[in-house]
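Peer 1: Each chain is listed here by its residues.
2 protein chains.
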Amino acid sequence: MRKFTVQIFEAMGSSAADAAIAADCLNQADLRGVDSHGVARLGGYVRLWEKGRLNSCPHIMTVHETPSTATIDGDLGAGLAVAPYAMKVAIEKAQAVGTGWVAVRNSNHFGIAGFHAMLPLACDMIGIALTNASPLVSPTFGKSRLLGTNPIAVAIPALNEPPLVIDMATTTVANGKLEVLQRAGKDAPEGWAQDKDGNPTTDAYVLKKGGSMLPLGGDRLHGGHKGYCLGALVDIFSAVLPGANYGPWVPPFVAFLDPSNEQVGKGIGHFVGAMRIDAFRPAKEFKQHIDNWIRTFRNAQPVNPEQPVLIPGDPERLLTAERLKNGVPVQQSVIDDMKALADRFNLPFNPEIL
Amino acid sequence: MRKFTVQIFEAMGSSAADAAIAADCLNQADLRGVDSHGVARLGGYVRLWEKGRLNSCPHIMTVHETPSTATIDGDLGAGLAVAPYAMKVAIEKAQAVGTGWVAVRNSNHFGIAGFHAMLPLACDMIGIALTNASPLVSPTFGKSRLLGTNPIAVAIPALNEPPLVIDMATTTVANGKLEVLQRAGKDAPEGWAQDKDGNPTTDAYVLKKGGSMLPLGGDRLHGGHKGYCLGALVDIFSAVLPGANYGPWVPPFVAFLDPSNEQVGKGIGHFVGAMRIDAFRPAKEFKQHIDNWIRTFRNAQPVNPEQPVLIPGDPERLLTAERLKNGVPVQQSVIDDMKALADRFNLPFNPEIL
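Residue numbers (our numbering), protein chains in the order written: chain A, 1 to 354; chain B, 1 to 354.
Keep in mind that the hints are not guaranteed to be accurate.
[Claimed, not checked] Below, a list of computed lysine-lysine pairs in the DSSO-like style, where the Cα atoms sit at most 27 angstroms apart:
#: 1; chain 1: B; residue 1: 339; chain 2: B; residue 2: 51
#: 2; chain 1: B; residue 1: 196; chain 2: B; residue 2: 209
#: 3; chain 1: B; residue 1: 284; chain 2: A; residue 2: 266
#: 4; chain 1: B; residue 1: 266; chain 2: B; residue 2: 287
#: 5; chain 1: A; residue 1: 88; chain 2: A; residue 2: 284
#: 6; chain 1: B; residue 1: 266; chain 2: A; residue 2: 287
#: 7; chain 1: A; residue 1: 266; chain 2: B; residue 2: 287
#: 8; chain 1: A; residue 1: 284; chain 2: B; residue 2: 266
#: 9; chain 1: A; residue 1: 287; chain 2: A; residue 2: 266
It should be emphasised that the hints constitute simulated quantities derived from the structure, not laboratory data.
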């Protein structure tokens, strides 16, 4: 699947390096169980490219910088490759002055945020990745869709334990969870979404009927205004800082929806950061304490003895091990889409690999 | 009230400058409506000082630094004065290299996080303030109290609009909200807390019965694992980075509870940051777009025409204007405590000021 993804990006004209990192990013999503952001999205990038809304061979440029910061113009490239470029700049700045922070405009969907946040781990750095996204979420007391599911990802290195990896939408659930319920013919729990008039709903199809997702927490009584604040933060750091589109102006990922004629910036935006651990204390000391933190939480008294306390990143890591062994399950519609892409670019496609 | 607070800190031996900023911090909490963190807490700081757990005249030191970072030892001072010192260092670093990030160990409770996050606004910088706190919160699937209500505060400058100010506990609600329900004889909504066995509960007294608060989101189905991740992040940035106590080892704020004999660091910890806007783009351009962001959200379609969409910081700002005009309501128990403090230090106390 990774090789096929590389071939598709190269067929669009991407450099070998960009194609490789884009494929790694989609591949990691499939391995970590975020199926909505893996190879299932490959066709989406191709369709954006066909519409001239994605530049397969961008000339990425730093347009503003200080010793610890930069603003980067992604030249409408795929976020899958633009964000790793930005993170490389952040890591170099962190090596020089302790931390590096890069805001990115004029980009496209960057896949799973966790992939980018994990890049600095190998340098004994904490990694941070944020992105804004197409508006699907209403702010507290509102019924307009003004924010995306705007994820926050943070990766923190440990010594003998695996790293802590947080990768979360700032909504109660990611959009894909509603699609899972639709396929299963099930209702959604309360607190996930509201209908077009702002009433609570359990209708899993509500987004197709003008409704919207709710910020983490759900309604005001359950702290939904805090989830809204987090989504707002991600929007402002990712887009108002670099000069990308924010709020309702964020262009849709899907090629069949046209972006708004009015623009308040360029493309969508990301914000990435790298913090050298030893800019604060010796790295080994820090990582020993992270091991202790992880073990303390992992061994905490569980409510149900069968279900130990969650450690951020554990579920995705266990699933990766399982999928590396047994393979990644791929839906027939995704296989059909891959076959169509192979035909489109005259590439061989062997579904036996799946 | 502010003058009285200054007198109490000076009576404990604090410098005039430390007493002034500590009083500003408590005073801002009262003005912004966070009554639990205002003058009501003054006696708590005095009682910690009497027990030798708070140093009224600390020798605050930078123990580690790079051009964009520092680790500071607060010498067991009041966080009310230690955090502004740390933020001053962060602002200086941001002036030099674009951003400044300071982790603080060996501190005490720092009042409202928003006060500290707002300090860089005057320099056209975004301010960030995090702190860990006494463990009251269970991680997802757990029944042990391992995290505090660990707030996140971020302040973002605007041009003609007031600044955006986010100041939120990473739990569904702050601890004080349960106390309000107790006084009103009311039950808590589901999703706020669980009993000692980890069962959902609506008992507002549950913390006194061995229960715990729930992370933002509540249970797993409603995204509680995301609130837990946020609380974990705040704990790690505030304490594992600088070498303070984390998780279950965080010393309690109340003087009648003794800290654990085992320590994994020094005191409690904070993490503050200052980001120069013009490290990313011209400040005026950014602030014009923040004005546009605020107006777009403020004018979004409300669910109920009487209740416009919330803008982070608006409710506290409106309450501040009202309280500056009409005064701050203070409970009799707080007045009694202030009277006892006045007697303790042979200070005049005139309840007419209230």
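Peer 1: For residue 88/A and residue 284/A, compute the direct alpha-carbon distance and say whether it is at most 27 angstroms.
Peer 2: Holds, at roughly 23 angstroms.
Peer 1: Please work out if residue 266/B and residue 287/A have their alpha carbons no farther apart than 27 angstroms.
Peer 2: 17 angstroms, holds
Peer 1: Verify the proposed pairing of residue 266/B with residue 287/B, using a straight-line Cα cut of 27 angstroms.
Peer 2: 39 angstroms, violated
Peer 1: Assess, step by step, whether the Cα of residue 287/A is no farther than 27 angstroms from the Cα of residue 266/A, and give holds or violated.
Peer 2: 39 angstroms, violated
Peer 1: Does the alpha-carbon distance linking residue 284/B and residue 266/A stay inside the 27 angstroms limit?
Peer 2: Holds: residue 284/B and residue 266/A sit about 18 angstroms apart, inside 27 angstroms.
Peer 1: Compare the distance between the alpha carbons of residue 284/A and residue 266/B with 27 angstroms, and conclude whether the hinted pair is satisfied.
Peer 2: At roughly 18 angstroms apart (the allowed maximum being 27 angstroms), residue 266/B and residue 284/A satisfy the hint.
Peer 1: Tell me if the straight-line CA distance from residue 266/A to residue 287/B falls inside 27 angstroms.
Peer 2: Given pair residue 266/A, residue 287/B holds - Cα atoms ~17 angstroms apart, limit 27 angstroms.
Peer 1: Does residue 209/B lie within 27 angstroms of residue 196/B when you go C-alpha to C-alpha?
Peer 2: 7 angstroms, holds
Peer 1: With the threshold set at 27 angstroms, check whether the alpha-carbon distance from residue 339/B to residue 51/B stays at or below it.
Peer 2: Satisfied, since the Cα-Cα distance of roughly 20 angstroms is no more than 27 angstroms.
Hints 4 and 9, counting from the list given before, are not met by this structure.
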